[in-house]
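For the sequence shown, the residue numbers in the working numbering are 1 to 321.
Hints may contain errors.
Claimed, not checked - Think about it this way: if two alpha-carbon atoms lie no more than 16 Å apart in a straight line, the pair counts; the simulated EDC-like pairs of lysine to aspartate or glutamate are: (1) K283 to D120; (2) K71 to E22; (3) K156 to D24; (4) K216 to D298; (5) K79 to E22.
Claimed, not checked - Per label pair, the in silico range of CB-to-CB distance: (6) E68 to F165: 19 to 25 Å; (7) R55 to D298: 57 to 63 Å; (8) K191 to I225: 34 to 40 Å; (9) E56 to T233: 34 to 40 Å; (10) N109 to D298: 55 to 61 Å; (11) N5 to Q187: 46 to 52 Å.
No wet-lab data here; the hints were simulated from the structure. Bear in mind that the values here come from a model prediction, so they are computed numbers and not experimental data. No residue lacks a Cβ here, since even glycine has one placed at the ideal position from N, Cα and C.
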Amino acid sequence: MPIFNIQNKKLQPISEKKFDLEQDIQKLIEANLDTIFGLIFVSGASNEEFFVRAREQDFYIDTLAFDEAQKSFVIIEYKKDKSISVIDQGFAYLSTMLNHKADFVLEINERLQKNFTKKDIDWEQSRIIFISPEFTNYQRNAINFKDLPIFLYEVKNYENNLIGFYPIKPYRTTESIGALSKDKTIQDVSKEVKVYTEENLVSRLERGKDFYYQLKEKILAFSPILVFHPTKTYVGIQREGDRRTIMAVNFQKNKLILDYTRSQPDDFIDPKKKINYKENSMKYFNQHISTLIVESADDVEYAVNIFYQAYERFLKQFSEK
1 MPIFNIQNKK LQPISEKKFD LEQDIQKLIE ANLDTIFGLI FVSGASNEEF
51 FVRAREQDFY IDTLAFDEAQ KSFVIIEYKK DKSISVIDQG FAYLSTMLNH
101 KADFVLEINE RLQKNFTKKD IDWEQSRIIF ISPEFTNYQR NAINFKDLPI
151 FLYEVKNYEN NLIGFYPIKP YRTTESIGAL SKDKTIQDVS KEVKVYTEEN
201 LVSRLERGKD FYYQLKEKIL AFSPILVFHP TKTYVGIQRE GDRRTIMAVN
251 FQKNKLILDY TRSQPDDFID PKKKINYKEN SMKYFNQHIS TLIVESADDV
301 EYAVNIFYQA YERFLKQFSE K
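Work out the full structure, taking the sequences as your base and the hints as a guide.
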């Protein structure tokens, strides 16, 4: 994807450069996991890569990360061999993790001084991210499933100290890999690791369904680079390619509960005083969270206005880092 620099109202192309060493990519990403993906770094090239012994071989995890919001592990692998299947390798690593849960819990407890047990981790939300300067068409087409816990990102190095991260989107996502594949590893992992869709969550609603689609329409009209990312319990609104949630939409039968992340009620212009502080949010989510309930069409309009403020705060907060 070409990028340009504006000089005297003219676009000057910025040339792409190769990374000097593959480990440079890894260390750069590990040092900026929160900025890029909204994840917490556990272990990798920056300290010492974690590995487990499985099926008579050592499985080294390039980068082990933790999703604080989901309470789940994310494995990050850096693709070096273009002939390797991202599906086969991805499910092999996920299977190894699910069969060695105690090792992963011990790793995060020792590295981050936590006291997690296996029950504290949401293994259903386990994910793997592959990062490479370039993926083949075969690898890109391999992710065309609706329930795949595998994500691809291309990383590009440009002149002027610029780096770009580009998520690879599936061409279509109608089929289930668990239903199509007869591979035992894929079958076993698919039974435990779940990928939830927007439809799964919206189906819980009755009258609140209209509120959700009105909210979504207005937010997407505001900015086309925003995406609605479904999880097990909520839909997170994020910037494309950025896994940090700006606002989370929680579903109840006749209403929506909106959580504005990294914020407190005093951060907003709230003339109707509808925003409340989410109790114990620092304890359970390691951040302040403000909450607003949507029970009417008027509430939708008000919630969108608050979202605009939250989005501006988000951009300012992370552009200053």
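Hints versus structure:
1. A threshold of 16 Å between alpha carbons decides the hint, and for K283 with D120 the separation of about 14 Å falls inside it, so the pair holds.
2. A threshold of 16 Å between alpha carbons decides the hint, and for K71 with E22 the separation of about 29 Å lies outside it, so the pair is violated.
3. Taking the CA atoms of K156 and D24, the gap is about 13 Å. The hint holds against a cut of 16 Å.
4. Pair hint K216 plus D298 holds up; C-alpha atoms about 15 Å apart against a cutoff of 16 Å.
5. For the hint pairing K79 with E22, the CA-to-CA distance comes to about 9 Å; that is within 16 Å, so the pair holds.
6. Checked against the hint of 19 to 25 Å, the pair E68 and F165 passes, with Cβ atoms roughly 20 Å apart.
7. Look at R55 against D298: about 58 Å separates their beta carbons, and that is inside 57 to 63 Å.
8. Checked against the hint of 34 to 40 Å, the pair K191 and I225 passes, with Cβ atoms roughly 35 Å apart.
9. Range check, E56 to T233: about 38 Å between beta-carbon atoms, so the 34 to 40 Å window is met.
10. Between N109 and D298 the Cβ separation comes to about 47 Å, which falls outside the hinted range of 55 to 61 Å.
11. N5 and Q187 have their C-beta atoms about 50 Å apart, which keeps the hinted 46 to 52 Å range intact.
Consistency note: the structure conflicts with the earlier hints numbered 2, 10.
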